[in-house]
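Could you build the full structure based on these sequences and the hints that come with them?
Residue numbers (the working numbering), protein chains in the order written: chain A, 1 to 244; chain B, 1 to 244.
In case anyone wonders, no lab produced these hints; they're calculated from the structure. Check each hint, because a few of them may be wrong.
What the hints assert, rightly or not - As a list, the in silico BS3-like pairs of lysine-lysine whose alpha-carbon atoms are at most 25 Å apart:
| no. | chain 1 | residue 1 | chain 2 | residue 2 |
| --- | --- | --- | --- | --- |
| 1 | B | Lys176 | A | Lys145 |
| 2 | A | Lys142 | A | Lys166 |
| 3 | A | Lys23 | B | Lys42 |
| 4 | B | Lys23 | B | Lys71 |
| 5 | A | Lys142 | B | Lys229 |
| 6 | A | Lys48 | A | Lys23 |
| 7 | A | Lys229 | A | Lys172 |
| 8 | B | Lys145 | A | Lys145 |
| 9 | A | Lys145 | B | Lys142 |
| 10 | A | Lys210 | A | Lys142 |
| 11 | B | Lys176 | B | Lys142 |
| 12 | A | Lys105 | A | Lys71 |
| 13 | A | Lys229 | B | Lys142 |
| 14 | B | Lys229 | A | Lys105 |
| 15 | A | Lys70 | B | Lys229 |
| 16 | A | Lys166 | A | Lys210 |
| 17 | B | Lys48 | B | Lys105 |
| 18 | B | Lys210 | B | Lys176 |
| 19 | A | Lys176 | B | Lys145 |
| 20 | B | Lys23 | A | Lys23 |
| 21 | A | Lys142 | B | Lys145 |
| 22 | B | Lys210 | B | Lys229 |
| 23 | B | Lys70 | A | Lys229 |
| 24 | B | Lys210 | B | Lys145 |
| 25 | A | Lys166 | A | Lys176 |
| 26 | B | Lys210 | B | Lys166 |
| 27 | A | Lys42 | B | Lys23 |
| 28 | B | Lys105 | A | Lys229 |
| 29 | B | Lys142 | A | Lys142 |
Number of protein chains: 2
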Amino acid sequence: MNQIDVVGMGPGSREQMTQQAWKALEESEVIVGYTVYTELIKELLPDKEYRTTPMRREVERCRIAFEEAKKGRRVAMVCSGDAGVYGMAGLMLELGEAYPEVSVKVVPGVTAALAGGALLGAPLVHDFAVISLSDLLTPWEKIEKRLRYGALADLALCIYNPSSKKRADYLKRACKILLEVMETERVCGLAYQIGREGEGWEILTLGELKERQVDMFTTVFVGNSQTRKLHGQMVTPRGYSVEK
Amino acid sequence: MNQIDVVGMGPGSREQMTQQAWKALEESEVIVGYTVYTELIKELLPDKEYRTTPMRREVERCRIAFEEAKKGRRVAMVCSGDAGVYGMAGLMLELGEAYPEVSVKVVPGVTAALAGGALLGAPLVHDFAVISLSDLLTPWEKIEKRLRYGALADLALCIYNPSSKKRADYLKRACKILLEVMETERVCGLAYQIGREGEGWEILTLGELKERQVDMFTTVFVGNSQTRKLHGQMVTPRGYSVEK
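The structure is reproduced here in structure tokens:
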């Protein structure tokens with residue numbers, strides 16, 4: 001049976017890929033993906049055939065993958081981070097119903113919540129929620145509701161897609177909602193360009209975060225009520241009794 | 001400066017480790033961890049020195065790591081899944097305040113939410129929450145609150161530590177809370193022994209899940225209101241317009 005691997009490549013560098021992900025890319029003949037991500041892989045595997053579509057052309061991108069697989073070619077569809085967290089795994093499985101002769105295998109990877117969390121320290125070491133601020137496919141009212149309930153539940157939050165050109169004020173709007181429940185001094189963190197050139201991170205308060213302009217390559221972390229800044233890192237205690 | 005790598009080794013197999021995690025283990029002299037996880041690594045790297053402590057001896061385990069690092073030895077502390085999701089990264093950073101001569105680096109890995117999600121299909125492809133049912137360190141009332149708000153927020157849920165010998169009915173109690181908000185037919189999934197011998201998964205309804213006894217090697221997935229069973233897999237649509 002023809003197979004497509006939907007591969008989570010992690011933050012971007014080879015060393016943050018799993019061995020399974022790397023193998024799937026190496027064994028493929030055609031690598032399909034969003035242009036920004038295929039460029040990262042092209043440097044590592046220049047001899048593959050690459051098929052790309054720009055953002056918002058995801059359905060077309062999937063169909064290209066299925067059409068190539070139908071021809072009997074081994075296909076890898078690449079996603080940044082994890083294939084199953086705002087990645088292409090879902091859409092591929094939805095569209096796959098029309099291609100019964102192709103089997104779709106999901107290969108997991110390190111998503112930005114984990115890679116960014118590791119840079120900052122341990123912000124998500126207890127219960128947490130992952131919420132995207134992109135309202136391209138989700139009504140803003142639903143996003144607001146999720147932020148509000150996440151705050152009421154005292155979950156640490158990891159916020160994906162905090163900004164874009166058309167949504168410059170979304171992070172500010174999100175912070176205002178969180179501040180209905182959380183205190184201004186709540187420990188927050190930013191991780192940007194994770195695993196790529198220019199990688200960095202910063203710890204700040206929720207009040208400061210509200211006034212901050214971030215770009216689309218930034219992942220935002222909001223601590224729970226117990227999260228602390230501990231020698232320069234963001235740490236959410238799990239509740240172990242620690243005698244210092 | 002002496003360094004400890006806190007390494008997320010993924011679900012268990014070598015091929016699901018990142019290259020960075022594998023390198024950290026290979027370069028270490030001493031590998032510290034919970035016995036079950038160090039056994040998995042010992043098969044791959046038999047020539048290291050291993051130091052283990054059983055469950056609930058986490059503080060002691062961390063102190064062993066710091067004492068070895070203080071002697072100038074290269075130490076890796078291993079965690080299953082991701083080091084920062086119910087892993088040792090938090091406690092290591094908390095205790096690290098007493099060891100200013102040792103730097104702690106967190107190496108992320110594929111946590112069960114991602115690896116189990118990949119087996120099931122794409123249950124967490126949109127906003128989701130990760131909640132542990134273990135009340136060893138968290139009051140049960142807080143866990144209940146998080147489940148309830150997660151359900152009200154229409155987040156997909158990934159439930160860690162759904163059961164143990166002493167907590168045989170916790171998953172049932174959790175399902176009862178979810179059923180206050182969700183319908184009996186809500187699509188749910190189980191992934192067990194992820195990345196290890198006996199690996200498997202199953203899709204069932206929330207009503208069925210309530211009556212199911214699972215073990216501590218199982219991760220539970222509860223879909224959001226849009227999650228569907230699509231040719232045998234669990235898929236949460238992101239909302240793309242798909243013409244079939």
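Would you mind confirming whether the straight-line C-alpha gap from Lys210 of chain A to Lys142 of chain A stays at or under 25 Å? holds, 20 Å
Assess, step by step, whether the Cα of Lys105 of chain A is no farther than 25 Å from the Cα of Lys71 of chain A, and give holds or violated. holds, 18 Å
Taken at face value, is the distance from the CA of Lys176 of chain B to the CA of Lys210 of chain B at most 25 Å? Satisfied, since the Cα-Cα distance of roughly 7 Å is no more than 25 Å.
Sort out whether Lys229 of chain A lies within 25 Å of Lys70 of chain B, counting only the CA atoms. Judged against 25 Å, a Cα distance of about 24 Å means the pair holds.
Restraint status (C-alpha distance of Lys105 of chain B to Lys229 of chain A at most 25 Å): Holds, because 16 Å separates the two Cα atoms, which is no more than 25 Å.
Lys23 of chain A paired with Lys42 of chain B [C-alpha distance capped at 25 Å]: holds, 23 Å
Taking only the CA atoms, is the gap from Lys176 of chain B to Lys145 of chain A under or equal to 25 Å? holds, 23 Å
Is Lys166 of chain A within 25 Å of Lys176 of chain A, Cα to Cα? holds, 19 Å
Run the distance test for Lys70 of chain A versus Lys229 of chain B: straight-line Cα separation, threshold 25 Å. holds, 24 Å
Would you mind confirming whether the straight-line C-alpha gap from Lys142 of chain B to Lys142 of chain A stays at or under 25 Å? holds, 24 Å
Under the criterion that the straight-line Cα-Cα distance not exceed 25 Å, is the pair Lys166 of chain A, Lys210 of chain A satisfied? holds, 18 Å
Decide if the proposed pair is consistent with the structure: Lys145 of chain A and Lys142 of chain B, CA atoms, cutoff 25 Å inclusive. holds, 20 Å
When held up to the earlier numbered hints, the structure conflicts with none and fits them all.
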